[in-house]
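Let the hints inform the model, and build the full structure from the sequences given.
The lines below spell out each chain.
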Amino acid sequence: MKTPNDYILSVSNLNVTLQNQTILDNVSFKLKRGTILAIVGPNGAGKSVFFRALLNLVSYTGKIEWSDKVKIGYVPQILSVRDIPISVKEFLSIKKGSNIESCLNSVGLEKDILGKSLSTLSGGQLRRILIAWAILDKPNVLLFDEPTTGVDLDSEEAIYGMLKRFTKENEVTLLLISHGIHIVRDYSDYMLALNKCVTFFGESKEIMNPSLQKIIYGEPHVCIEAEA
Amino acid sequence: MADTLIFSIIIGVFVGFSAGYLGSIMVLEKMALVGDALSHVALPGLALGFLFNFNPFLGGFAFLFGSAVIIWQLGRMTRLPFETIVGALFTLALAVGILMIPEAELLEALFGDITHVNTMDTIAAAIISIVAILLTKIIYNRIVLSMISEELAISHGVNVARTNLLYLSLVSLTVAIGIKIVGTLLVGFLVVVPAATAKTISSNLLRYSVLSSLFGAISSSSGVLLSGYLNLPAGPLVVLSGITIFIIVILVKWASKFYGP
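Sequence lines, in order, name chains H and C. Our numbering puts the first sequence at residues 1052 to 1279. Our numbering puts the second sequence at residues 327 to 587.
No lab work stands behind these hints, which were simulated from the structure alone. Each statement offered as a hint is correct.
Quick list of in silico lysine-lysine cross-link-like pairs, DSBU-like style, CA-CA up to 35 Å:
1. C:525 <-> H:1140
2. H:1140 <-> C:583
3. C:463 <-> H:1167
4. C:463 <-> H:1147
5. C:525 <-> H:1162
6. H:1189 <-> C:525
7. H:1147 <-> C:525
8. H:1120 <-> C:463
9. H:1122 <-> H:1162
10. H:1162 <-> C:583
11. H:1122 <-> C:463
12. C:463 <-> H:1162
13. C:463 <-> H:1146
14. H:1167 <-> C:579
15. H:1189 <-> C:463
16. H:1140 <-> C:579
17. C:525 <-> H:1146
18. C:463 <-> H:1140
19. H:1162 <-> H:1120
20. C:525 <-> H:1167
21. C:583 <-> H:1167
Remember, it's a predicted structure, so these values are computed and weren't measured experimentally.
Written out as structure tokens, the structure is:
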């Protein structure tokens, strides 16, 4: 029998309205500890705003309940590092974590990258550094908004492989926004499809089903009640 | 005269150092124009000081601080970039200031005057600069993080709005003491050019902020020194010193590309 402790996150009747436009409409679901959940949906479906609501960065109605002692590591989709002379070491030191080298190791980077400027890193290296930033203070929940934006396909696979290994080894719950169908299938356990409301909530392997893809990415969409 | 010159040089070192340090953030924020334009806002405040016989520095600071709060609040309300808001405010302030200020003091207000500084001015400039530098050092990383990503900063527990307000207030303070020797028209230079010079040769924040502060201190003090010997207004000479450093740095960087290892 499941206890309430099995769940790390419970969202009920979540609504977000920005500038008189409904961005999220009555979103409800529950998430078990240690799960990798992919958030999918077309552009403008409210995925990033959903993350912002989970982080309390945007005002909402409804309920977002995290379990006790939750510690969240977050990597946003858009960053501007091109114009800032900051070294990798200086960036990671802002977070005051004591285990910078072991975090670099976890994301597959050598410590000689610490002296490099953030603006000179490749897309893949930058994303790995951001993941290192997110795991630096040992979070038990990770929120990644398209963690491989601007990364080539090989590096993308490597980053997701590393993320999956890391979350399973450290019993971390991972929520990630992704547009890649094969990424969702191979690297997540469950998926939550959003198109303002929830259009699907279930196992990730279902994403290969063409009729479901039509529901997730097509118009018009049908909202469902998602209580797993 | 010798004492006045020494006092002015000391003020120049402190003001240049703190303006360079605070300016290093402003240039990163792409707010270079804000630093320049903000200084002009002090002019009506200086005018009130001259007209009603109180310390023009206090009037200048009051106007700068008031403007910083208005800019900050408008920025929050309208989400307009700081540059846009300042652009609108500063031309108005410059126009009103020039109309209000007595003609005899206009040159001093615009280009600075090092012949009227005393011990108290020097001590006040030193203390204000040190406080501004220390407080900025505390919030430096938070501001940089919010430049990289505001969401990242907020999720890290940074109160971005409050940090920006504190920073703008410290810039107002630094600009206000800079006006004394460089003048309101040119003090913005000290916030912008030393940082721009340092940025061309820096790959990390420590080097960037230290070089920016040093370039600020050198331009400011050497400009004041030249002013004392040539009997010319300090402001334009500070600008010329700073630009000379900028050109030397660019040339050395350019040469090292061809002849370096």
